[in-house]
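Visitor: Protein chains in written order, with numbering that gives the first Met the number 0: chain A, 0 to 205; chain C, 0 to 205; chain X, 0 to 329; chain V, 0 to 329.
The hints are simulated quantities; they were obtained by calculation from the structure and are not laboratory data.
Check before you lean on any hint, since a few could be wrong.
[To be verified] Chain C regions said to be covered by chain X (calculated; three or more residues, Cβ under 8 Å):
(1) 35 to 41
(2) 75 to 81
(3) 165 to 177
This one's a predicted model, so the numbers in the text were calculated from it and none came from an experiment.
Here a beta-carbon is modelled for each residue, glycine too, at the ideal position from N, C-alpha and C.
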Amino acid sequence: MELHVAQALMWIERTNEKIQENKEYLSALDQAIGDGDHGINMARGFQAVIEKTSSSEYETVSDVLKDVAMTLMAKVGGASGPLYGTAFLKMSMSTKGKESVSQEDLAEAVRQALEGMKQRGKATEGEKTLIDVWTPVQELLEQSEDLQPEEIKKTAKDAMEATKNIMATKGRAAYLKERSIGHLDAGSVSSYYLFESLANVLEEGN
Amino acid sequence: MELHVAQALMWIERTNEKIQENKEYLSALDQAIGDGDHGINMARGFQAVIEKTSSSEYETVSDVLKDVAMTLMAKVGGASGPLYGTAFLKMSMSTKGKESVSQEDLAEAVRQALEGMKQRGKATEGEKTLIDVWTPVQELLEQSEDLQPEEIKKTAKDAMEATKNIMATKGRAAYLKERSIGHLDAGSVSSYYLFESLANVLEEGN
Amino acid sequence: MKKIVNDPNQVVQDMLKGLVAAYPESLKQVPDTTVVVRKDAPVTNKVALVSGGGSGHEPAHAGYVGAGMLDAAVCGETFTSPTPDQVFEAIKAVDGSAGVFLVIKNYTGDVMNFEMAAELAEAEGIRVEKVIVNDDVAVEDSSFTTGRRGIAGTVFVHKIAGAKADKGGSLEEVKAVADKVVANVRSMGMALSPCTVPASGKPSFELAEDEMEIGIGIHGEPGIERKTIATADEIAEELTGKILEDMDYTSSEVAVMVNGLGSTPEMELFILNGKVQDILAEKGIKVYKTFVGEYMTSLEMAGCSVSLLKLDDELKELLDSESKAPAFRI
Amino acid sequence: MKKIVNDPNQVVQDMLKGLVAAYPESLKQVPDTTVVVRKDAPVTNKVALVSGGGSGHEPAHAGYVGAGMLDAAVCGETFTSPTPDQVFEAIKAVDGSAGVFLVIKNYTGDVMNFEMAAELAEAEGIRVEKVIVNDDVAVEDSSFTTGRRGIAGTVFVHKIAGAKADKGGSLEEVKAVADKVVANVRSMGMALSPCTVPASGKPSFELAEDEMEIGIGIHGEPGIERKTIATADEIAEELTGKILEDMDYTSSEVAVMVNGLGSTPEMELFILNGKVQDILAEKGIKVYKTFVGEYMTSLEMAGCSVSLLKLDDELKELLDSESKAPAFRI
Ligand SMILES: Nc1ncnc2c1ncn2[C@@H]1O[C@H](COP(=O)(O)OP(=O)(O)O)[C@@H](O)[C@H]1O
Ligand SMILES: Nc1ncnc2c1ncn2[C@@H]1O[C@H](COP(=O)(O)OP(=O)(O)O)[C@@H](O)[C@H]1O
Ligand SMILES: [Mg+2]
Ligand SMILES: [Mg+2]
Ligand SMILES: [Mg+2]
Ligand SMILES: [Mg+2]
């Protein structure tokens with residue numbers, strides 16, 4: 000399992016496709032317990048990311064991730080913009096100087112991304128946010144040797160689905176308290192798409 | 000055919016009943032080609048009239064009509080308030096000093112009422128307003144000897160129904176031009192109620 | 000009908016109570032009337048301005064009561080002209096011996112009720128003059144019909160005639176400048192949704208999800224044409240175009256009012272304004288001042304109107320002079 | 000969705016164009032941004048105030064830009080916090096060497112984006128301070144959660160902190176008075192109908208014909224409780240009651256804001272205000288000043304909020320001092 004520039008780009012493209020396809024779904028999830036813009040925000044951001052990356056030349060994975068970070072930061076807004084922006088910026092910094100990104104490198108990058116997001120969002124696990132998807136994925140990457148991409152997908156999916164039963168204490172859904180239970184967290188679903196796309200790219204690369 | 004205080008009061012009571020019963024209908028007619036308040040306006044006005052007349056003692060028909068005039072003037076508003084107010088004021092002035100009101104007196108009173116309203120509204124016959132009901136009734140009263148109340152009713156009704164085919168050039172319906180054709184004029188319908196009630200009272204009195 | 004009201008038949012009295020409670024330092028209600036006057040009324044030796052009409056057009060008209068604008072607003076039932084006795088009370092309450100000037104919107108009811116009040120006032124020796132505002136180009140201007148309606152352009156009359164009176168203008172001078180405004184102001188409106196009078200509880204008309212009504216008034220009356228809903232740019236073209244057809248504004252300076260009818264967000268009014276300004280620029284019409292907001296509403300109707308007032312130096316100066324009315328501070 | 004728009008994805012840019020076209024003498028847009036600043040920005044040696052948030056709350060925030068209030072408003076997409084680069088552009092555009100003060104409503108997105116911009120600014124040597132407004136008593140105030148939202152009470156922060164800066168207050172003094180306002184202001188809102196974000200085209204929630212939503216925010220989020228629709232008096236009791244439960248206003252003087260969320264007619268706001276004033280009078284709370292109108296909207300949502308700000312002499316003076324912002328003239 001190894002990530003090069005081409006794969007990093009493909010990861011971003013696949014994520015974008017998923018986001019665009021599910022734009023309405025993500026907004027509908029956010030509508031139920033938030034303000035209904037998550038799909039619009041993510042679709043606007045990833046659209047801009049694709050415009051940027053498809054018209055640029057990259058030497059390293061880190062450079063790809065940096066452009067993704069800066070574009071998301073400048074185009075998404077809301078809560079998810081700074082969070083995803085921070086995540087990609089931390090991953091870019093963590094992979095700086097590397098020719099290719101190993102599983103170990105990826106584990107470290109995701110760890111730093113997660114740390115950055117937790118700090119930025121003043122959030123921790125169990126608050127019904129995208130942190131709840133990133134945490135188990137990070138643990139998986141760190142702990143499993145010779146990881147099968149399929150496992151990333153499954154871990155992210157299970158974690159995403161588990162947000163349904165959590166009562167929100169961060170993000171807009173927190174205003175609803177008990178009423179937030181029974182609904183998926185929109186940001187966790189978009190994070191699932193991110194890891195699902197990563198897994199697909201890694202699978203193809205194998 | 001003769002009108003005394005008791006009959007004048009009954010005329011007003013009957014008119015009020017008709018108006019209250021048909022409040023929604025009058026408003027609906029006004030909705031179609033005006034602003035939808037004619038029933039509300041007339042019901043508010045006649046409600047106040049009844050409160051006033053039922054708590055007062057009257058010596059003459061003229062005094063009854065004056066209280067009706069002043070109350071309508073102060074409570075109806077809109078276009079119909081000053082028009083009906085003027086009509087009753089003119090009828091009160093015209094019948095002043097009379098012990099009882101003959102057909103001839105009534106014809107003269109209605110003539111003056113009609114004149115007053117035409118002046119007030121700068122309107123003439125054929126403009127799809129209540130003038131179109133008052134005019135034929137006034138002519139009937141003036142021209143027929145030994146008039147049957149039934150004829151007043153019929154004349155007012157026919158005239159009211161005929162407003163349907165007129166294109167409005169006065170009142171709010173005038174804004175609609177051709178589109179005003181095909182709808183009854185609300186003020187003509189309330190005027191019909193007035194004359195219908197008068198006829199009923201005269202019939203009973205015979 | 001979803002409204003924040005108590006008794007739907009008492010909305011005007013309830014509104015007036017909350018209104019004078021909001022601005023006790025500048026407004027007062029004439030006891031037992033629906034008349035709102037300046038706290039310091041009557042102002043001696045100043046021509047007093049009285050306007051009014053049905054309620055439901057807030058901030059018109061009571062929001063325009065204050066130094067530099069109106070002395071009194073007479074508030075009728077919702078969308079129903081006030082009665083002559085109420086207008087007469089207003090005239091008496093603000094008369095400061097320099098005469099009273101009535102600003103009347105051209106509706107049969109308003110004209111009749113205000114004229115009857117003027118007769119009552121004159122019978123008591125109060126000098127009264129009036130102007131009848133008829134800015135709505137949606138309606139044909141004919142002496143054989145009711146003629147054009149008065150809509151949002153009326154606010155310019157309040158402002159400018161009010162300023163003239165404030166600066167010591169005589170009754171004749173106030174009338175002259177009000178006539179000038181009326182001669183130079185044109186408006187045109189449209190709606191996306193109807194409104195509901197509280198006492199009736201029913202929407203004033205029905206529009207399909209893809210329809211809009213062009214040439215709408217401010218009382219929930221139907222407009223002159225029903226069309227498929229258009230873009231903001233197309234709506235701006237249509238409203239402004241109709242006004243420019245009616246009067247020649249070439250190489251003149253204008254004041255622009257983009258007025259919301261009730262539930263149209265300011266966001267949309269500004270979007271519309273962007274195109275209105277472009278159109279005027281293209282035609283070489285110079286914009287002196289722009290007003291975007293809710294100035295003459297129709298309860299919670301969605302829609303807007305555009306008004307253009309051709310200005311000369313006198314009108315500019317009066318438009319710019321101070322106003323302390325709660326809804327029109329300059 | 001019935002709206003006066005062109006491209007639903009371009010509403011913010013289109014709005015800003017129409018906004019600066021309306022007030023060219025007082026506002027300008029920083030090129031290639033969604034930032035609106037005072038025409039005379041940066042004002043040398045004055046602490047500059049920057050606020051903003053998602054669009055759709057007009058006249059917030061751009062309507063509050065002007066001498067005596069904000070120096071810049073950063074306009075995000077509809078109901079979506081603006082991005083850090085835009086906030087940073089605003090900070091750079093208004094910095095007059097006396098520091099920049101950020102007024103942030105307490106939403107995760109707003110807080111994060113503004114804080115990131117502050118970091119960028121500090122890295123360039125610009126002094127930045129901030130206040131986070133959280134006046135909405137509908138939401139529980141807990142350090143373990145997102146905490147209370149910032150809603151209409153924010154306008155008082157703009158006004159008072161803006162006046163302090165205008166009078167030459169230092170960055171610390173501006174922050175101190177802003178903190179004082181936040182400590183003393185509470186709000187509570189309700190809705191009768193949802194709103195529709197142009198880019199989404201769907202209503203934010205659904206309410207039955209006889210339902211209202213209590214404890215609503217300003218982004219179309221669901222409220223805290225759904226109830227059968229009540230009278231204006233009952234709504235006033237509920238909103239004011241919740242505020243008075245939260246903070247002790249006994250024998251204090253207050254500023255009152257009765258804020259319309261978008262499509263509620265002023266008539267209804269005044270009716271509500273009548274009862275709010277009665278309740279306060281009963282409790283011996285003295286009203287110093289009242290504001291009734293649309294100050295912080297939620298597109299075309301029907302509903303309102305009530306805010307109470309406890310005043311001392313400093314706050315009174317700053318509340319009364321001049322403001323030239325288009326949407327808040329004093
Ligand atoms: N404090 C936080 N920490 C981490 N994630 C958060 C936080 N607040 C919100 N989120 C995530 O952001 C998502 C919402 O994003 P989005 O709808 O785009 O922004 P907004 O909430 O500003 O409308 C939520 O579903 C949640 O996963
Ligand atoms: N100029 C006029 N002359 C005579 N009658 C008129 C005139 N204008 C309106 N009317 C009558 O008044 C009626 C409308 O009354 P109403 O709805 O109560 O007042 P408004 O038109 O002010 O809402 C019309 O149906 C018409 O019969
Ligand atoms: Mg959201
Ligand atoms: Mg009518
Ligand atoms: Mg009417
Ligand atoms: Mg959002």
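Visitor: Against the structure, test the hints numbered earlier, and report the numbers of the ones violated in rising order.
Guide: Violated: none.
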